[in-house]
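> Given the coordinates of chain A, assemble chain B onto it according to the supplied hints.
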Amino acid sequence: MNKKLIKHLSFSLLNEIYAIKIIQVKEILAWRASIDIPLCQEWVKGIINIRGQIIPVVNLNRRLGLKDSVKSKTTCIIVVELSQRDGFIGFEVDSVQDVLYVDKTSKEANPLFEADFDAEFIENVIRLNEETKVILNIDKIFGQEDIIFKGVS
Amino acid sequence: MNHLQSLLIELSQDFLMINISKEKSTDDFCETLTKLQDVVPDELLYPLQECVQEVNTAEALETLEKLMDLLNQKCEERDFTFVFENEKAKSIEEMSFDTTIYSEVFSEDEDLISTFFEETLENLEALDLILNLWDETPEDLTYVNDIFRSFHTIKGMAGFLSLNDMEQISHCLEDLLTHCRDGKVSHSNYLTAFLFDGIDFLRVMYDQLLFNYQNGVEDKHNVNVDDFVRKGSLFVSDFESYKTEVNTKVEPIVEIRSINNDAPVAQVKSGKREIDDSFRVSTKKMDALIDSIGELVINHSSIANKIGLHKDVLKGMRDEFSQFKRIVNNLQNVSLSLRMIPIGNTFKKMNRVVRDTANKLNKDIILKTLGEQTEIDRSIVDNLYDPLMHMIRNACDHGIEDPFDREEMGKSAQGTITLSAKHKDGCVVIAIEDDGKGLSLEKIRQKAIVNGLIQEEDSLSKSEIHQLILKPGFSTAETVTNLSGRGVGMDVVVQAIESLRGILLIDSQEGKGSRVEIRLPLTLAIIDGMVIRIGDHKFIIPTISVRESIKISHDKYSHVLGRGEMILIREHLVPLVRCYDLLAITSDVSNPWDGLLVVVDVDGHRYALLVDELLGKQEIVIKSLGDHFSVAKWIAGGAILACGDAALILDVSKLIQLPKQQLLDEACNE
Chain A
1 MNKKLIKHLS FSLLNEIYAI KIIQVKEILA WRASIDIPLC QEWVKGIINI
51 RGQIIPVVNL NRRLGLKDSV KSKTTCIIVV ELSQRDGFIG FEVDSVQDVL
101 YVDKTSKEAN PLFEADFDAE FIENVIRLNE ETKVILNIDK IFGQEDIIFK
151 GVS
Chain B
1 MNHLQSLLIE LSQDFLMINI SKEKSTDDFC ETLTKLQDVV PDELLYPLQE
51 CVQEVNTAEA LETLEKLMDL LNQKCEERDF TFVFENEKAK SIEEMSFDTT
101 IYSEVFSEDE DLISTFFEET LENLEALDLI LNLWDETPED LTYVNDIFRS
151 FHTIKGMAGF LSLNDMEQIS HCLEDLLTHC RDGKVSHSNY LTAFLFDGID
201 FLRVMYDQLL FNYQNGVEDK HNVNVDDFVR KGSLFVSDFE SYKTEVNTKV
251 EPIVEIRSIN NDAPVAQVKS GKREIDDSFR VSTKKMDALI DSIGELVINH
301 SSIANKIGLH KDVLKGMRDE FSQFKRIVNN LQNVSLSLRM IPIGNTFKKM
351 NRVVRDTANK LNKDIILKTL GEQTEIDRSI VDNLYDPLMH MIRNACDHGI
401 EDPFDREEMG KSAQGTITLS AKHKDGCVVI AIEDDGKGLS LEKIRQKAIV
451 NGLIQEEDSL SKSEIHQLIL KPGFSTAETV TNLSGRGVGM DVVVQAIESL
501 RGILLIDSQE GKGSRVEIRL PLTLAIIDGM VIRIGDHKFI IPTISVRESI
551 KISHDKYSHV LGRGEMILIR EHLVPLVRCY DLLAITSDVS NPWDGLLVVV
601 DVDGHRYALL VDELLGKQEI VIKSLGDHFS VAKWIAGGAI LACGDAALIL
651 DVSKLIQLPK QQLLDEACNE
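Heads up: the protein sequence lines correspond to chains A and B, in order. Those letters in the first sequence? Residues 1 to 153, per my numbering, in order. Those letters in the second sequence? Residues 1 to 670, per my numbering, in order.
Since the hints were derived computationally from the structure, they do not count as laboratory data. We put the beta carbon where it would ideally sit given N, CA and C, even for glycine. Any given hint could be a false lead.
No farther apart than 30 angstroms at their CA atoms in a straight line, the calculated lysine-lysine pairs in the DSSO-like style are these [as the list claims (entries may be wrong)]:
| hint | chain 1 | residue 1 | chain 2 | residue 2 |
| --- | --- | --- | --- | --- |
| 1 | A | 150 | B | 623 |
| 2 | A | 73 | B | 538 |
| 3 | B | 348 | A | 26 |
| 4 | B | 512 | B | 348 |
| 5 | A | 21 | B | 512 |
| 6 | A | 150 | B | 538 |
| 7 | A | 140 | B | 623 |
| 8 | A | 140 | B | 284 |
| 9 | B | 633 | A | 150 |
| 10 | B | 285 | A | 26 |
| 11 | A | 26 | B | 538 |
| 12 | B | 660 | A | 150 |
| 13 | A | 26 | B | 325 |
Reference excerpt, derived from the structure (chain A facing chain B, CB under 7 angstroms, subset only) [claimed, not checked]:
| hint | residue |
| --- | --- |
| 14 | 38 |
| 15 | 39 |
| 16 | 47 |
| 17 | 49 |
| 18 | 50 |
| 19 | 52 |
| 20 | 54 |
| 21 | 56 |
| 22 | 85 |
| 23 | 86 |
| 24 | 146 |
| 25 | 148 |
| 26 | 149 |
Isolated chain A (complex conformation) (with noise of 0.2 angstroms):
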C-alpha cells in the first residue's frame, strides 16, 4: 500500500458512483424515517435522533439538483462531519459501495465526465477498476450557513 493513497468511502446514486473522504465519515446508519421540521430548505428530510444526538438529514440527490431516487433495502443514511463546522450531518444515498485507496497524486479530471450538477461540489473524478468514480466535496455541499434552514432576514 503505497503511503500516498487516501481512503474514500464510496457509494451509489442513480447508478453513478460517487466517493467522499472516509476520514469525514462518522457513522452509516441503516435508512429511517426522520422528523419533518418547519421553514426548512427543499432539500432537507428532517431531523433524526441517533442515540440522544440530534442530526439533520438532507437528500442528497436534491441538493446536487439530480431527480430523487426511489428508497430501496440499500438506501442508507452516511453520516458526516465538515471540516470548518460544528455538528454532524446526514444524508441518503442509494446504497452504500466499498472503501476505495485513492492516490493522490494522480488528480486528473476526467474530461470525458459531464456533472449534471454545480462543478464546484466536485473534488475530483477518478477511474478505478474500469469505472468512473466522482469524488464529492462535502465541504462545498453542505458547508453554507443555510444548508438546513433558509435565511430569515
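Below, chain B alone, put in the same frame as chain A:
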C-alpha cells in the same frame, strides 16, 4: 481633631518601634494609647482599653491591627488627610508586617483561601489573555471593562484576606483603567507595559503566597509596591515625566525570584499544607460524559428488550445481566449527581463577606441564611459566588445604614441581611433581602440623568427606575469606597446571571429595605418543557417562558384595526400569534377558539400562541444542534421526546419576530 490626628501619627510610630524590636518596652506606646482615650469617640474606647491591657501579650499585634483599622476609619470619616494611611502603608512595607498578616490569614477559613487561590489564578490568566487582545484592537473598549473587572475581583478578594500589597497594586491598576474608561488615558505601549508589569507583580505575590501557604513559611515577596503605586499615579497626572522616567530607568523594579520546592528545611515552620485536590472539569467534558452514559442506558434497555424475547439466552447469565443493569443505573445516577451540589457552601462563604464588610464599614450586620440544602447545578454554583458577593457587599455598603442612623429611624441597631434559596416552579430562587434604607428613587433618577442614561423629561415607573441601577457605569454611592466599587457591581451581576439563563428582579421600598431575587434554572442542561403539537409537528416550549395555557370562547377574539388579531384575557388584550403561519406548516385548527392558547411572556409583553394541543410536560435535556442550525434563531435547541423522537425547542422571543408566511406569499404573488 488635630490632636487626634497627631496622636494617631505618634501611635503609628510607636507601633513601628515595637515591631522593629519586639523586646522593646511598650511603655511609650501605652502612654500614647492612654492619651488617646481622652480624645477618641466613645465607640472606640472599649477596643482601646482592651488593647492597653493586652499590649504585653501575644495577641497584642492582632488587637493593635484591628484598632488601627478602626482608628483609621474614624479618621477617614472625619475627612482627615490621609497622612496616617500613608504612614501605615509605609510601616507595613518596611517591617514586612504583611507576612504576619499572611500567617494570620491562613489560619482562617480554608475554603475561602482555596477559592482565593483558584479565582486569583483564573483572573490573572484571563488578564494576560484579554490584555493581549486589547493590544491588538485598542479601539475596542469592552476589553477595558473586562480588564477592570478582573482587577476589581482580585482587589476584592485580596481586600478580604487583608493582603494589603495585592490590594494596593490592583487598586492602582483599577484606578488607571477608570481613567481609560473615561477617556482620560488612551491606549499606548506605555499603558500596556505598565498593566503587564502590574499583572506580573500580582503574579509574583500570588506565587509567594501560595508557596508560603503550602510550606507554612513566611517569606516576603520583593515587589516594591510603593514605587509601583507612585508610578501609577504619575502615569495619570504627568504622562510626560512618566515616560522620561521609564525610558531612563531600565532597571527592573522587581526581580522575579524562582520559587523552588527544595527550600531549606529550616524555613519550614509548620507542616506542609496542601490545597484540597479538587480540580475543575470543563462542562463540555462533563456533558460528553453524561451524554454517553445516557446512550449506554438506552443501549442497555434495548439489549434487555431483545434478550427478553429469547428467555433461554438469558438463563445462563441472569445474574450477570442484573448486575450489569445495576451498574448502568448507578452510573447514570452518579453522572447526574456530579452536576448537582447544595448551595450551602456558597452561602457559608457569604458569612465571612458580611462579617468583614461590616467590620470595615463599622456597621453591625447579621446574615441569615435559609435553604442551604437546595441543590443546584454545579456550573451554576461556580458562577454564583461573584455575583452574590457583589450583591451582599452592596447590601452592606449601600443598603444597611450606620447603627446610629438605624436607631434614629426606629430600627434595631443591628441590620439583617437574609440570603435564601428554594425551589419554585422548576427554578431555583435565590433572594437577598436587607432591612436597610432601600433604593432612593429620586437619587437614582438624578444620577441616571447625570450619567446620561435617561433624559430629564423621561417619566419612569418605580420598577423601571430600579432597573436603572443594573445599567453599566451606574453607581449611587456618593463616595467611592474600596468595598463596593464604582458601579461595575450590578452590571457584572446582571451579566453573570444572564449567562446562567437566569433573571434578576429588584424590589425595594424606601426606608424599609431592598430585595433582589435571582431566578435560575435547576441545571443548564435540563429544562422543564411543554410539548405542543401543531399539525404533524411537535415542538417544545420552555415552561419558564409560559404564563398559562388556556382555551377561550369565540367572543374573546377580536380584530383590532391597526393592531391585528387580539385575544381578551382577563381584561387585557393580548396579541394572537398563529404559530402555524409563522412556521409555514399546516395545522388542524385555524380558529383560536378551537385550539389551545399558550400565553408567553416576552420582555414584559404577553403573546398568545395558537397551537393545536398540549401533549404534556416533560423534563428536557437540551441538545446542542451544532452550526447547521445556527441560522434559525427561533430554535433554542433540540431534545428527545419520551417517545424517542427528536423535537425542536422553540425560542419564543425569536419565534414571534418571524415574518408571517402567508403575507410573504401574498407579497410574492403580487
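> Against which earlier hints does the structure fall short, listed by number upward?
3, 5, 18
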